[in-house]
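All chains, please: the whole structure from these sequences, using the hints.
Numbering (the numbering used here), first residue to last: 71 to 266.
Just so you know, the hints here were simulated from the structure itself, not pulled from any lab data.
Hints may contain errors.
The following label-pair restraints were derived from C-beta to C-beta distances [stated by the list, open to error]:
1) Y255 to R196: 18 to 24 angstroms
2) A100 to R196: 24 to 30 angstroms
3) P217 to L174: 37 to 43 angstroms
Pairs of lysine to any residue, SDA-like flavour, derived with a Cα cap of 20 angstroms [what the hints assert, rightly or not]:
4) K155 to R139
5) K155 to L127
6) K155 to R176
No residue lacks a Cβ here, since even glycine has one placed at the ideal position from N, Cα and C.
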Amino acid sequence: MRRRKLSQNDISWNARTRAIPPLWLLSDAARLPDPRAAAGRLPPGSAVLARDLAPALLRPLAILARQRRLAFLVAGKGRAALALKAGLHLPDRRPAEHLLPVLLARRGRHAPFLSVAAHGRAGLARARRLRADAVILSPVFPTRSHPGARALGPLRWAALARRSGCPVIALGGITPRNCRRLPPYAAGWAAIGALA
Numbered sequence: 071m072r073r074r075k076l077s078q079n080d081i082s083w084n085a086r087t088r089a090i091p092p093l094w095l096l097s098d099a100a101r102l103p104d105p106r107a108a109a110g111r112l113p114p115g116s117a118v119l120a121r122d123l124a125p126a127l128l129r130p131l132a133i134l135a136r137q138r139r140l141a142f143l144v145a146g147k148g149r150a151a152l153a154l155k156a157g158l159h160l161p162d163r164r165p166a167e168h169l170l171p172v173l174l175a176r177r178g179r180h181a182p183f184l185s186v187a188a189h190g191r192a193g194l195a196r197a198r199r200l201r202a203d204a205v206i207l208s209p210v211f212p213t214r215s216h217p218g219a220r221a222l223g224p225l226r227w228a229a230l231a232r233r234s235g236c237p238v239i240a241l242g243g244i245t246p247r248n249c250r251r252l253p254p255y256a257a258g259w260a261a262i263g264a265l266a
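This is the structure in structure tokens:
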């Protein structure tokens with residue numbers, strides 16, 4: 071995927087410019103309840119996002135991610151993310167637990183990575199308020215995770231992403247073939263089935 075480098079103007083509200091993983095694997099309770107095998111196939115520099123993962127799998131997955139040089143994020147559980155020295159991902163439609171300790175830790179020198187899920191402008195505004203490092207904007211294309219849900223489509227996704235103010239990751243129905251329809255300024259893409 072071609073990506074242009076983000077300038078400080080693109081992320082003016084985020085003083086800590088970070089390298090954004092270009093490829094994200096998401097776990098899913100129904101479709102990928104144990105993502106360890108799929109995570110083991112990811113190239114170094116990718117990310118693993120543990121969503122709805124059995125608590126017993128969090129630590130082994132965090133260890134695997136560290137060994138493989140993958141970014142590791144926990145969805146919605148701030149204390150678990152801090153305990154595992156992982157990043158935190160904030161779901162769009164569910165509250166996150168123990169967000170304040172993560173926000174306080176982000177003031178320090180070794181600030182945890184923070185990503186935010188968004189399905190439209192409200193989610194993007196939340197990411198700006200929280201000074202997130204990245205936004206996962208979805209669904210770009212129709213997806214099996216949310217059958218019947220209205221997809222943004224590549225043009226609307228691009229328009230929202232361009233105005234986001236931070237790096238944006240594409241999620242939803244993405245395959246190695248249709249990811250070419252994303253704009254070159256997409257920071258990366260995320261998937262469940264395409265990477266499982």
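Hints and how they fare:
1. Y255 to R196: 18 to 24 angstroms: Taking Cβ atoms as reference, Y255 and R196 lie about 21 angstroms apart, which means the hint holds.
2. A100 to R196: 24 to 30 angstroms: This hint holds: roughly 26 angstroms between Cβ atoms.
3. P217 to L174: 37 to 43 angstroms: Check passed, 39 angstroms falls within 37 to 43 angstroms.
4. K155 to R139: 14 angstroms, holds
5. K155 to L127: 15 angstroms, holds
6. K155 to R176: 12 angstroms, holds
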